[in-house]
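Numbers 0 to 72, taken from numbering that gives the first Met the number 0, label the letters of the sequence shown in order.
Heads up, a few of these hints could be off.
Label pairs and their computed distance ranges (CB to CB) [as the list claims (entries may be wrong)]:
no.	residue 1	residue 2	range
1	N31	V68	16 to 22 Å
2	I30	R72	30 to 36 Å
3	A69	T47	31 to 37 Å
4	L39	A69	17 to 23 Å
5	P58	K21	26 to 32 Å
6	N62	T23	27 to 33 Å
7	G44	A69	29 to 35 Å
8	P65	G44	17 to 23 Å
It should be emphasised that the hints constitute simulated quantities derived from the structure, not laboratory data.
By construction, the Cβ of each residue, glycine as well, lies at the ideal position given by its N, Cα and C atoms.
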Amino acid sequence: MKNILAPLALTLIAAPALAQDKMTVMLDWFINPDHGPIILAQENGYFTDAGLEVELISPADPNEPPRMVAAGR
0 MKNILAPLAL TLIAAPALAQ DKMTVMLDWF INPDHGPIIL AQENGYFTDA GLEVELISPA
60 DPNEPPRMVA AGR
């Protein structure tokens, strides 16, 4: 039981620290209906309420996101 509770406790303690980080989300394409939930969450302040600072970026080149993933960025 201790083997389960210790990692769980550490995870819960570290969660607020992770929530204070700034996060950049690059959309996989130009803004479209698939991104609706993310955009609504940002516009309605849900990310801020959760302690997250989220920046949404639309790629200038739609081929950019797959290349960035392949490069590990």
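These are the hints, each one checked on the structure:
1. N31 to V68: 16 to 22 Å: 19 Å, holds
2. I30 to R72: 30 to 36 Å: Given range 30 to 36 Å: violated, Cβ gap about 21 Å.
3. A69 to T47: 31 to 37 Å: 32 Å, holds
4. L39 to A69: 17 to 23 Å: The hint (17 to 23 Å, Cβ to Cβ) is violated, given that L39 and A69 are roughly 30 Å apart.
5. P58 to K21: 26 to 32 Å: 19 Å, violated
6. N62 to T23: 27 to 33 Å: Check failed, 19 Å falls outside 27 to 33 Å.
7. G44 to A69: 29 to 35 Å: 34 Å, holds
8. P65 to G44: 17 to 23 Å: 31 Å, violated
Consistency note: the structure conflicts with the earlier hints numbered 2, 4, 5, 6 and 8.
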